[in-house]
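Participant: Chain by chain, the residues run as shown.
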Amino acid sequence: MPVASANPLRSGSDAMSIIKLTNLEKSYGALKVLRGIDAEIGEGETFAIIGPNGAGKTTLFKVMTGEVPSNGGRVEFDGKDVTHDPAYRRARAGMGRTFQVARVFLELTVIENVIIAIEARRKNTGDSDDAWYAVVSSRSVVDEARQLLANLDLELKRNTEASILSHGDKKRLELAITLAGRPRILMLDEPTAGMSPSDRIGVVDLIRRLRDESRLTIVMTEHDMSVIFGLADRIMVMNQGARLAIGSIDEIRSSQVVRDVYLGKESQHD
Amino acid sequence: MSRYITYCLVALSGVLLLLLPLLVNPGLVHLAGVTLVMGVFAVAWNLLFGYAGLASFGSGGLFSLGAYVMAISLRAGYEQSFLLLIVLAMVTGGIVAFLVGAVALRRSSGIYLAILTLAMAEVLRQILMRWHWIGAEDGLPNIVRPHFSYGLGLIDLSSGARYHVFLCLACGLLIAAIWWIAHGRFGRTLRAIRLDPERAAFMGVNTYGYKLAAFTLSGVFVAGAGALYAPLAQIVTPDLGNMLRSTQPILFTLLGGASSFWGPLIGGFLFSAIEYGTRTLVGLQEIITGVILLAVVLIFPTGISGAFRKLFASLEQGEPAPARKVEVSDAGRLGKPLTQRV
Numbered sequence: 001m002p003v004a005s006a007n008p009l010r011s012g013s014d015a016m017s018i019i020k021l022t023n024l025e026k027s028y029g030a031l032k033v034l035r036g037i038d039a040e041i042g043e044g045e046t047f048a049i050i051g052p053n054g055a056g057k058t059t060l061f062k063v064m065t066g067e068v069p070s071n072g073g074r075v076e077f078d079g080k081d082v083t084h085d086p087a088y089r090r091a092r093a094g095m096g097r098t099f100q101v102a103r104v105f106l107e108l109t110v111i112e113n114v115i116i117a118i119e120a121r122r123k124n125t126g127d128s129d130d131a132w133y134a135v136v137s138s139r140s141v142v143d144e145a146r147q148l149l150a151n152l153d154l155e156l157k158r159n160t161e162a163s164i165l166s167h168g169d170k171k172r173l174e175l176a177i178t179l180a181g182r183p184r185i186l187m188l189d190e191p192t193a194g195m196s197p198s199d200r201i202g203v204v205d206l207i208r209r210l211r212d213e214s215r216l217t218i219v220m221t222e223h224d225m226s227v228i229f230g231l232a233d234r235i236m237v238m239n240q241g242a243r244l245a246i247g248s249i250d251e252i253r254s255s256q257v258v259r260d261v262y263l264g265k266e267s268q269h270d
Numbered sequence: 001m002s003r004y005i006t007y008c009l010v011a012l013s014g015v016l017l018l019l020l021p022l023l024v025n026p027g028l029v030h031l032a033g034v035t036l037v038m039g040v041f042a043v044a045w046n047l048l049f050g051y052a053g054l055a056s057f058g059s060g061g062l063f064s065l066g067a068y069v070m071a072i073s074l075r076a077g078y079e080q081s082f083l084l085l086i087v088l089a090m091v092t093g094g095i096v097a098f099l100v101g102a103v104a105l106r107r108s109s110g111i112y113l114a115i116l117t118l119a120m121a122e123v124l125r126q127i128l129m130r131w132h133w134i135g136a137e138d139g140l141p142n143i144v145r146p147h148f149s150y151g152l153g154l155i156d157l158s159s160g161a162r163y164h165v166f167l168c169l170a171c172g173l174l175i176a177a178i179w180w181i182a183h184g185r186f187g188r189t190l191r192a193i194r195l196d197p198e199r200a201a202f203m204g205v206n207t208y209g210y211k212l213a214a215f216t217l218s219g220v221f222v223a224g225a226g227a228l229y230a231p232l233a234q235i236v237t238p239d240l241g242n243m244l245r246s247t248q249p250i251l252f253t254l255l256g257g258a259s260s261f262w263g264p265l266i267g268g269f270l271f272s273a274i275e276y277g278t279r280t281l282v283g284l285q286e287i288i289t290g291v292i293l294l295a296v297v298l299i300f301p302t303g304i305s306g307a308f309r310k311l312f313a314s315l316e317q318g319e320p321a322p323a324r325k326v327e328v329s330d331a332g333r334l335g336k337p338l339t340q341r342v
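In order, the protein sequences belong to chains U and W. This note's numbering numbers the first residue of the first sequence as 1 and each following residue consecutively. This note's numbering numbers the first residue of the second sequence as 1 and each following residue consecutively.
Some hints here could point you the wrong way.
[Claimed, not checked] Examples of chain U residues toward chain W, derived with CB under 7 Å: (1) ARG97; (2) PHE105; (3) GLU119; (4) ALA120; (5) VAL135; (6) ARG139; (7) PHE229.
Source of the hints: derived by calculation from the structure; they are not laboratory data. Where a beta carbon is used, it is the ideal one built from N, C-alpha and C, also for glycine.
Based on the sequences and whatever the hints tell you, model everything.
Facilitator: Following this line, the structure appears as C-alpha cells:
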C-alpha cells in the first residue's frame with residue numbers, strides 16, 4: 001500500500017507499508033484511550049507521533065508492540081495480522097522498542113546487557129554458533145556486542161554496572177539492547193526525555209545516523225518539536241485518543257487545527 | 001580472585017564430605033548427608049527464586065514425590081534398577097512440576113504464585129495421607145538401602161558410610177548439572193527475565209516458556225533430592241511435603257544468600273551446624289536459631305555469601321568495598337560473568 005512521505009528517498013509514494021493500523025481502539029474501563037486510530041507507516045520512513053500529555057501516544061505504542069491488548073481494530077506488521085500476538089512474537093518478527101524511562105538490566109554490566117540481547121536474537125533466528133550449554137559467551141557474540149557499544153559510544157563503559165550509568169547512557173544502552181535484536185522497525189518512546197541538551201544532541205545525531213545508514217523504519221513519540229522536525233518524514237498528531245492529523249512536516253506545521261490544539265501551546269511554552 | 005577461592009573451597013568441602021565417615025561418628029555422617037540432600041533441594045529451589053525470580057512455597061510436595069517414588073520402588077524390590085529409579089523420580093517430579101507450572105505461571109506471580117504452589121503441595125500431602133496403599137499417615141518405613149550390580153561387580157550401599165559416599169557423588173552430579181544450567185545461556189536469559197520480564201519479552205524472549213522450563217527443571221532436581229533422601233532416612237512420610245519442609249530451602253537461601261549459586265548450600269550447612277550446636281538446649285534451640293537467622297538477614301541482607309563477596313572485594317582493592325563498584329563485572333552476583341573481562 002503506498003504511503004505518502006516527505007522523503008522520497010526513504011519512503012516515497014511507492015514505499016510499501018510495514019505497519020498498518022486499522023480502527024485501533026483501547027479503553028481502560030470507561031475511559032477511552034484510543035479512538036479508532038488509522039495509520040500506515042512505510043518501510044524506511046521516520047514516523048513521529050505527537051500530541052499533548054494524555055493524548056494516547058504511549059498507549060498506541062503499547063498496543064502496537066503488544067505490551068497491552070487492543071479492544072478493537074487491527075495491527076498489521078509486514079502484511080501479517082499481529083493484533084493478538086504477544087510482545088515477544090512481535091519482537092521476533094522485527095519490532096524493537098525503547099521506553100520513556102530507559103529499561104535496562106541494572107544489575108548487569110553494560111556488555112552483559114547487550115550480550116543477552118544478541119544471544120536471544122541468535123537463538124530465535126537459529127544462527128547461533130554458541131552451544132546451548134556454553135557457559136561463557138562465544139567470541140563472535142562478544143565481538144558483536146563490543147562493536148555495537150562502540151557505535152553507541154559506550155565501549156569504554158562496557159564493564160560498568162548499568163545501574164550507575166547516567167540517564168543518557170542508560171538511554172543509549174537501551175538503544176544498544178534494542179538494536180542487538182536487529183529490528184526492522186525501531187520504536188522510540190520519547191528518546192530524549194529527561195536528557196541534558198548535550199545528550200539530546202547526541203541521541204538525535206544517533207537516530208539520524210541509524211535512519212540514514214541502516215535505513216531502519218523509525219516510529220517515535222517526542223515532545224521536543226525541534227527533534228521531531230529535524231528527524232521525521234511524516235507526523236501523526238493525536239489528541240484525546242483520536243488522530244487529529246497526519247502528514248508531512250509542512251502539512252502539520254501549516255494545519256490550523258494542529259496549531260490550535262498542540263503546536264500553538266508548544267510555541268507558547270517555548 | 002574470589003571465584004578461584006570459591007572453587008577451591010567447594011573442592012575442599014567436597015573432599016571433606018567424602019571423607020567424613022572416616023573422621024566423625026555415624027550420627028554426624030547421617031546429619032551431613034541429610035544436610036547435603038536438603039542443600040541440593042535448596043539449590044534447585046534457588047534456580048527458581050534467585051535466577052527466574054519465582055517464589056514457590058510448594059517445593060516440599062515435589063521433594064516428597066521423589067522420595068515416595070523411590071520408596072515404593074525399593075520396597076517393591078527394584079533395587080537393581082536403583083540408578084534408573086533416581087531418573088524415574090526426577091522425570092516424575094519434572095512432569096508434575098510442568099503441569100503445576102503450566103497452570104500456576106499462566107495466571108499468577110509473586111505472592112499469588114507462592115500461595116498457589118503451597119496449596120498444590122498441600123493437596124498432594126493430603127492425598128499421601130489418605131492413600132492406605134502407601135501407608136497413609138504412617139508413611140513407608142523399612143526402606144532398604146540398595147545393592148546392585150551393573151556388570152562391574154556388586155555395589156553395596158546398605159551401610160550408612162557407603163551410602164554417604166554415594167550420596168556425595170550423586171549430590172555433586174546434581175549440583176554440577178544445576179550449575180551448568182544456571183550459568184549457561186538458559187541461566188543468563190532467566191536472569192534477564194528476573195530483572196525485567198517486559199524488557200526481556202521485547203528482546204524476543206518467551207518469558208512464560210522460560211519460566212515454565214525453570215519451574216520444570218527445578219522440579220526435576222528437587223524430586224531427585226527427594227529420591228536420594230528416601231534410602232538415607234529409610235522412611236518416608238507425608239510430612240516430607242509439609243509447609244515446614246517447603247520453607248527449609250527458603251531459610252537456607254536467605255541465610256546463605258539468594259544472589260549466589262552456592263548460597264543455599266552454605267546456608268544449609270550453617271543452619272544444620274546451628275541446630276546441632278544447640279541440640280541440647282531444650283526449649284531454646286528454636287529461639288537461638290531464629291535470632292541468628294534474623295541477625296544474618298538484618299546485618300547481611302545478601303546472606304553469608306554476600307558478606308564474603310564484599311570481604312573478598314575489599315581485600316582485592318585494599319580498602320572497604322563501596323556499595324556499588326564501577327568497572328566490575330557481575331562475577332560474584334550469580335556465579336561467573338557472561339564474559340571474562342573483555
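Participant: For every hint, state whether the structure bears it out.
Facilitator: Hint check results:
1. ARG97: At about 6 Å, which falls below the 7 Å cut-off, the nearest Cβ of chain W leaves the hint on U/ARG97 intact, so it holds.
2. PHE105: With a closest approach of 4 Å, the U/PHE105 hint holds.
3. GLU119: holds (6 Å)
4. ALA120: holds (4 Å)
5. VAL135: Interface hint status for U/VAL135: holds (5 Å vs cutoff 7 Å).
6. ARG139: Constraint on U/ARG139 not satisfied, violated at 9 Å.
7. PHE229: Constraint on U/PHE229 not satisfied, violated at 28 Å.
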